[in-house]
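The listed protein sequences derive, respectively, from chains A and B. Per the numbering used here, the very first residue in the first sequence carries number 9; after that it's consecutive. Per the numbering used here, the very first residue in the second sequence carries number 9; after that it's consecutive.
Errors might be hidden in some of the hints.
Copies of the same chain look alike in the list, so a pair counts if it fits in one copy or across any two.
Within a straight-line C-alpha distance of at most 25 Å, the following computed DSS-like cross-link-like pairs (lysine-lysine) qualify [what the hints assert, rightly or not]: (1) Lys115 <-> Lys38; (2) Lys14 <-> Lys145; (3) Lys315 <-> Lys12; (4) Lys115 <-> Lys67; (5) Lys12 <-> Lys145; (6) Lys42 <-> Lys145; (7) Lys156 <-> Lys230; (8) Lys156 <-> Lys315; (9) Lys38 <-> Lys332.
For the record, the hints were derived by calculation from the structure and aren't laboratory data.
Number of protein chains: 2
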Amino acid sequence: MAVKIKDVAKKAGVSVTTVSRVLNGEKYVKDDLKLRVNRAIEELGYVPSQIARSLVSRKTNLIGVIVPDITSNFYSTILSSIEETASSNGYNLLVCNISEDIDKEFKYLTIFKEMRVEGIVIMHEKINEEIRTFINKLNVPVIFSSVKPMDQEFISVIIDDYQAAYEATEHLIGLGHERIGFIGGDMRDITSGQNRYSGYRNALTDHKLKIVYEWIRFGDYKVQSGYDMMREILRGKQLPTAVFAVSDDMAVGAMNCIYDHKLQVPGDISVVGFDGSQLTELVRPRLSSMEQPIYEMGSVTVGTLLKLISAEGEYDSGGDIIMKHRFIARDSCRRIVNP
Amino acid sequence: MAVKIKDVAKKAGVSVTTVSRVLNGEKYVKDDLKLRVNRAIEELGYVPSQIARSLVSRKTNLIGVIVPDITSNFYSTILSSIEETASSNGYNLLVCNISEDIDKEFKYLTIFKEMRVEGIVIMHEKINEEIRTFINKLNVPVIFSSVKPMDQEFISVIIDDYQAAYEATEHLIGLGHERIGFIGGDMRDITSGQNRYSGYRNALTDHKLKIVYEWIRFGDYKVQSGYDMMREILRGKQLPTAVFAVSDDMAVGAMNCIYDHKLQVPGDISVVGFDGSQLTELVRPRLSSMEQPIYEMGSVTVGTLLKLISAEGEYDSGGDIIMKHRFIARDSCRRIVNP
C-alpha cells in the first residue's frame, strides 16, 4: 500500500493541512512542526503526489519545450542544456518535437495549457496569427531560443545574426576570396534567413565584390538541402572559390557534394559553416564555422524563463538577449593569392 | 477570465459531475447530454485542466523517458520516433537526459512517480540494485529500448546483437580481410558490449582467423573514444586491414583518426560501423554499417508500452521483442586479395 498524506499526519501527530503546508514550502510553519513532518515523511518513505500538490500550490514545475527537429545536433544540444538547467532548478520538461508541423505545434500548446506548464520555450520562428494569439492568452512566460519570429513582442535569446554572417563572409574575403557563394536559409525567418543573407551581401558590397546570383541558393538548414544547393552551384559556368552556408548541416552537405564531384575542400572550394555544432569537428577536413554559444543559449533561456516565472510578470529582461558569436577557423578554408 | 467547468455545466444545463463524466470519456452518459456538454465546451472555448482531470480519472497520459545522451544521433532518432507514436496516441513525454549519471536517473524516477506517469521507457542498461527495486515497486510498465540490462525481468526492444556483430565481421571476412580489429563497447553492457564482442570473436574463430589482442580496444560508443582507441591500434607493430566498431559514432572517430594519420579509408584500412544512424551517410567515404531499425524500435517500444498500460498487467509480450538488423554496404570497405 502506498503511503498517504494522512499516514504522515498521523505519524507526525499533526493535521493533514499542516503536512500540506510543509510540503508546499509555506512560510510561517513552526520549525518543530516542520521537523516532525519531515521526519515522518522520511521514516514512512512518503512520496507526495505532484499532481495533488500542484492543485493546491498551482506549481507544476513543468516547462514546455517545442523543438522543430530533435534529431538535429544543434537543437538537441540546446535541449540538453535547457534540460540540465531546468533540472538543477527543480523543473521538468515536457518536450514536443513538431517536425516543423504548425498544426502539431498548436496541439502541443493546448496540451501545455492543460498540463499547466509554468513557462514555454519555443525553438522555431514560424508562428502564425492563431498561435500568436493563443500564446498571448496563455498567461505564462514564453521565450524563443536561438530564433526570433517576425514582428512580435516575445523575448528571444539569439546572437546578432547579421553581424555574425558579415564576419563569416569577411573571413573568406580576408583569405583573398573574391568569388564567394552563399547557401542561405528560409527567407521567411528573420534571424537565420534574412539577417544572415543581409550580412553576406553587405560584406561583399562593402569590400567592392560582386554579388553573383548564380552562386546564391536557399535551403532549409538541413544536410540534404546543402548538398542539393551546392550541386546547383556546381552546374554554373564559373565556380566560386568559396561558399558560406548558414548552418553547419548545410555546409557539411555542400562539402559532401564537392567531394562527390571529385573536387577538394579546401583545395578547389573553401567552405564556411554557421552554428559551431559538434559536426564541425566530426567531418574531415574540419569545418571552419561561425560559432553560436549553443550550450550557453540553453542555460540563459531557462535562467531568464525562471526569472519571468518567479517574478510573475514583474521582471523585465530589457528585450532580446544577445549572446556572443565567434568565428572558429578550422581546416575547410584556404588562402587565395589573387593575380 | 479562464472558463471553468461550472461555466460549461451552466451553459449545458447539466451538473458539474456530468461534464466531468463526459470529459473522462465514461460510458453510460446519455448521448444528448454528451452533445450538449461538447457543444458548450466548444462555444466557451473551455480547456479542461489535465491536472484536475487526472485526479479524477487517474490518467495522466504521460510517459516518462530516460535518455542517456540526447545529443547522440542514435538516441535522438529513437526519441523522435517515441515522441511521434506517443503523440499520435494522445500521450505526452516527460524527457530526462541523464548524461549517464545514475544518481540523476534515480531522481528522475522519483519525479516520474510523483507525476504519476503511466509508463516508462529507459534507453540505457546500467541500472543498479536500488533502481531495480524502485522500478519494481513503481507499479507502472517499464520498457527498455535498444538495450537490455543484465539479469532482469523487464521487456527490452532490441536486435540480436550477437548475430548482428557476427554478420558485420563476416562481411569483412567475405571481402578477404584476415586482420580485423575491433573497437567494442562497455563490457558491463550485455547487448552492446558483451554480445557484440562475442559475435566478433566467434566469427573470427569460425573462419579460422586469429584473435589479435593488439587490435582490440573498448570505448564508450562516442566519437572521441573511437578516435582514441583507433590511435592505440595504429601504434601497433602490424596494422589490421579492417576495423569493426560497435557504434557508428566510434566508427567515425576511427575514420577521422585514420585520416589524421594520413592513411586512407578504405585504401589502407576498411571500417565498419554499427547502428545505421544518419552519420553513415554524412561522412565521406560513406560508412558501411550494421543497421538497427532505429526508428521502428521507437514506435514498437511505445506500441508495446501502450498495450501494457491499457491491459493493466494482463498483457504478455512474450518476453523481449527482437527487431531485424541488416547490413548496409557503403563506401568504407574494400576487397582484399590475399596472397
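Check: So which of the earlier hints does this model not fit?
Finding: Violated hints (numbers, rising): 1, 3, 6, 9; every other hint is consistent with the structure.
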